[in-house]
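S.K.: Using the sequences and the hints, build the whole thing.
There are 2 protein chains.
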Amino acid sequence: MSSNRDIDALIELMAKLPGLGPRSARRAVLHLIAKRELQLIPLADLMQRVAASARECLNCGNIGTTDICDICASEKRANGQLCVVEDVADLWAMERGRAFKGRYHVLGGTLSALDQIGPEQLRIPQLVNRVEAEGISEIVLALNATVDGQTTAHYIADQLEGRVTLTSLAQGVPIGGELDYLDDGTISAALNARKTL
Amino acid sequence: MSSNRDIDALIELMAKLPGLGPRSARRAVLHLIAKRELQLIPLADLMQRVAASARECLNCGNIGTTDICDICASEKRANGQLCVVEDVADLWAMERGRAFKGRYHVLGGTLSALDQIGPEQLRIPQLVNRVEAEGISEIVLALNATVDGQTTAHYIADQLEGRVTLTSLAQGVPIGGELDYLDDGTISAALNARKTL
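Sequence lines, in order, name chains A and B. Following the UniProt record's numbering, the numbering of the first sequence begins with 1 at its first residue and continues without gaps. Following the UniProt record's numbering, the numbering of the second sequence begins with 1 at its first residue and continues without gaps.
Just so you know, these hints were derived from the structure itself, not from any lab. The reader is advised that the hints may include incorrect statements.
Pulled a few chain A residues facing chain B out of the computed Cβ check, cut under 7 Å [unchecked claim]:
id : residue
1  : Leu10
2  : Leu46
3  : Val50
4  : Thr65
5  : Ala89
For each residue, glycine too, the CB sits at the ideal point set by N, CA and C.
M.R.: This is the structure in structure tokens:
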């Protein structure tokens, strides 16, 4: 493409990132070369640092740079609440919401008969252990509203019934959402869960 | 976002790439951490290598890792043809076409009264010099079919009239194109330039 080996190899690797293709990878690489000091060199340095230090938290599965992540290490977060999420991206999304003050547990996926993913492939046994070990009183199931997500939620609820309070995220109209653009399922869920003003 | 400083900084830098935003940058970084050996480390290495070696060709403005790019250095490409393009991405696009056997000249933009870009801000004086110095017989103006691109083509044509054959890329129906999806201007250009079978 560029008739240069290193630059071509860089474009090829960039094109493998989710959300980028060959054309946007070429644009990104030209952009980086033009902003060498401000972006290319810092990016290379940070990637090297993250490659050397990033690891899964042994307790919850979050990604950080220590064996036990900052959230699990913080005593403030030990309030007896545990939020169960599918993956690290969902954990970060919950943290951006700034509403949840407890700790997390990352499953690493959802149960799926099709893909042969059973409870042992996920971190469900570890979850059951944590309930006892950390004296958890409430588990918030923040799983995606997909079939696999809800199957997984039901399975976890079965495993832990009677030992802990189980809750799930409310379903309803998103903040700023317009009724006309919502699907029928969301509207009926929001109506069924209507609140007295 | 991730409650980790290095990872957050990496996401922030990735989000500045063209074609990526905060959400896709987070996905890309999680993907890279999951594929540390295969993608993250090679990417960091290549970025460092490209940051150290990438430079503009002193002759044509192409980006490579030597002072004179591979195309300018190749005697085979000295066939008296010079293809003038707006930027390096366009040069790479021409090379992917594999049809042009001569050398290139990258202007680095187009003339623009609005943005106060005159001939001196582009590499137009260098282009005029190269015509003499390299014994150029034909200049192919491969500039974008935008107003600024065409203004620049006319300016260059004025500068070099009588000293060299000036050609421009043909306009017409793209290969695989369907008439119904083409704009009116392209259809009328293709009709005016119709060929006898």
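S.K.: If a hint holds in the structure, say so; if it doesn't, say that too.
M.R.: Comparing the hints with the structure gives:
Hint on A/Leu10 holds. Least Cβ distance to chain B is approximately 4 Å, under the 7 Å limit. About 4 Å separates the beta-carbon of A/Leu46 from the nearest beta-carbon of chain B, less than 7 Å, and the hint is met. The beta carbon of A/Val50 is positioned within 7 Å of a beta carbon in chain B (closest approach about 5 Å), and the interface hint is therefore held. A cut of 7 Å between beta carbons decides the hint on A/Thr65: the least distance to chain B is about 6 Å, and the hint holds.
Proximity of A/Ala89 to chain B holds as hinted, the smallest CB-CB distance being about 6 Å (cut-off 7 Å).
No hint from the list above goes unmet by this structure.
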